[in-house]
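Read top to bottom, the protein sequences are chains A and B.
If you're matching positions, the first sequence starts at 1 in the numbering used here and goes up one per residue.
If you're matching positions, the second sequence starts at 1001 in the numbering used here and goes up one per residue.
The hints are simulated quantities; they were obtained by calculation from the structure and are not laboratory data.
Check each hint, because a few of them may be wrong.
As the list claims (entries may be wrong) - Only pairs whose alpha carbons sit at most 30 angstroms apart, straight line, appear in this in silico BS3-like list of lysine-lysine:
1. A:Lys-114 x A:Lys-3
2. B:Lys-1114 x A:Lys-114
3. B:Lys-1242 x B:Lys-1134
4. A:Lys-114 x B:Lys-1166
5. B:Lys-1134 x B:Lys-1071
6. A:Lys-3 x A:Lys-68
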Amino acid sequence: MAKILLVEDNELNRDMLSRRLSRRGHQVVEATDGEAALALAASERPDLILMDMSLPVLDGWEATRRLKAMPATRTIPVIALTAHAMVTDRERSLEAGCDDFDTKPVEIERLLDKIARLLPTGGTG
Amino acid sequence: MSGIEQLERRLEREKRARKAAEAIAEEKTREIYEANVRLQQLNGRLEELVQQRTVELAAARDEAVRASRAKSDFLANMSHELRTPLNAIIGYSEILLEEAAELGQPALRSDLEKICGAGRHLLGLINDILDLSKIEAGRMEIFPETFVVPGMLAEVQATIEPLVAKNGNRLVVEAAADLAEMRSDLTKVRQTLFNLLSNAAKFTRSGTITLGARRLPAADGDHIEFRVADTGIGMTDEQLRKLFQAFSQADASTARRYGGTGLGLAITRHFCRMLDGEVSVESRPGEGSVFTLVLPARYCEPEAAERAPTGAPGRQGLLLVIDDDRTTRELLEAEFAGRGYRVVQAVGGAEGLRLARQLRPDAITLDIVMPDVDGWSVLRSLKDDPELCRIPVVLVTILGDREMAYALGAAEFVTKPVDPARLADVLARVASAARGEGEVLVVDDDTVTREVLRRTLAKQGWRVTEAADGRECLERLGRGRPAAILLDLMMPAMDGFETLEAIRARAEWRAIPVVVVTAKDLSREETEWLTRHAEAVFQKGAYDRSELIDEVERMMARRVPA
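In isolation and in its complexed conformation, chain A is listed as follows (with noise of 0.2 angstroms):
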């Protein structure tokens, strides 16, 4: 199972999306900045990246951008998660480097889906 770095600012948010992940024997580490999810990509070194897009101290747009361009992070696939029908939300997430995007509120299999897409051993690493 995975290493997933799960950025979101909203407890609740967080929480569920935590514990159905956990549920699934995927390992969670959190995150509720842009800025701590720098650090966390980098001393962590999670398999995969679910962000948040509005996010405070640095939004998942700017994080994603900075994660894609450190050779460190750059490979870590990132999954935004943004609101209903912003559409220019997805379009800006796809822009800032974001390898696949989800609108929230999450559908868990459809999530689980791509995630296991976009880890290299198809979900099982």
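Take the given structure of chain A and dock chain B to it, following the hints.
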């Protein structure tokens, strides 16, 4: 003789008669004249009244438009706020469902499913309201992309099938062989079809719902026709007339019986029109309904530049106006378009940055207090981007205010941790213009930062003097003029803003370029502090427009050709 007398008498009579006639004519003329004057007066008063009424009507209209916009904004914000707790309700009920299954508690399952289902239903309604308010506020954007039509239809079919099956209906998809690709807003096309299909499913029992699609070739560009037909209850002419209006279902009892907000079709029609298409309907009570959707196969997007209604060639250059307030944007646009600038508007910080990257404007006017990405962050992103950092930026909300003139007085921004190459570049640019003597004054309360800056600057051949706060800075300036000042914003005793103000207040110091050094990512405290500061000034009222124009023109004239 009597003949002569007779003649004289007749003459006399005629004279009298003529005089009488003249008197009458005079009298009549005067009456006509007076009537004319009265008429003119009345006319004048009428025009005055009309003018006055026109002004009143215009004001009332503006007021109504403002109120409507406020309502839409409120709805948009409200919907967003409602969704957050609702997401938690849905998410946690799903978690409980999973846990109930694991713990072998099937009794809980159906109740939890009801909570979850009701939550999703409510979410759908809120999303509809959000869409409609966005459309009404003119904030719904179109994102065209090229997609394979049969693929999209298959996706729609998969999503809608469970809903169709619920009422014992059968779904038939009739896709023509030549559909191929179309270019449009995929999300909106999908949502439109989904709306029509879920309506058909709602009003049909044990019947057939048909989703058809075909290509309509035309010399001036093909169209794609989508058809959603059902064998349901149908509609009367009266019901058809009200069909596409927001908040109106056939009647109140329909709403109770079939549910829904009646927003779906209003949104559908808005979407179709936005995509240069049209939706129509044919129906008869008891005989089902057929909705037909015709969309251009290739949606032509208006150029970003065309959003400027002036369409002026922009002889003077391109100005990007970033402001969340429409009135301010339109005011600035009118002002500058009239002067031959091409003006592009951005409604927020995020869009502003995107357009800045895309269009590379010659100058930017920037609002500070914006809901999405505030002006400080935008400014920082602009100044951090090597390709954009040379575009001059005017902070609009604070312009013209003496107290905050630092914003224009500050020659540059650099962010911590300071990149030596960028610092060298900035100093070379600002300090050469100031005929420097090779001395840079570093003002920062943090000794480590000062130390780092001192070393960096020394390596680049500058002499460095230091000051720990604003007061010390002013003291230093009293002893000699540096080529440039590096100024931290957040300092005890006398902060960067006050310091800048003090520097700018003295004629002999005014020309010293000041480079503001700020943390790359403002702390929450700093952001709040800055926002408070900006807001306080914002509330002080209108800035002087002529000053703003002068400032922008000055910057445009100064700009370096790319």
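Against the structure, the hints:
Restraint check for Lys-114 (chain A) and Lys-3 (chain A): satisfied, since their Cα atoms lie roughly 15 angstroms apart, inside the 30 angstroms limit. For the given pair, Lys-1114 (chain B) sits about 27 angstroms from Lys-114 (chain A) by alpha-carbon distance, which is consistent with the 30 angstroms threshold. Only pairs whose Cα atoms come within 30 angstroms are accepted, and Lys-1242 (chain B) paired with Lys-1134 (chain B) is accepted, the gap being roughly 22 angstroms. With a CA separation close to 29 angstroms, the supplied pair Lys-114 (chain A) and Lys-1166 (chain B) stays within the 30 angstroms bound.
Between the alpha carbons of Lys-1134 (chain B) and Lys-1071 (chain B) the distance comes to roughly 11 angstroms, so the proposed pair stays at or under 30 angstroms and holds. As the CA atoms of Lys-3 (chain A) and Lys-68 (chain A) are separated by approximately 18 angstroms, the hinted pair is consistent with the 30 angstroms bound.
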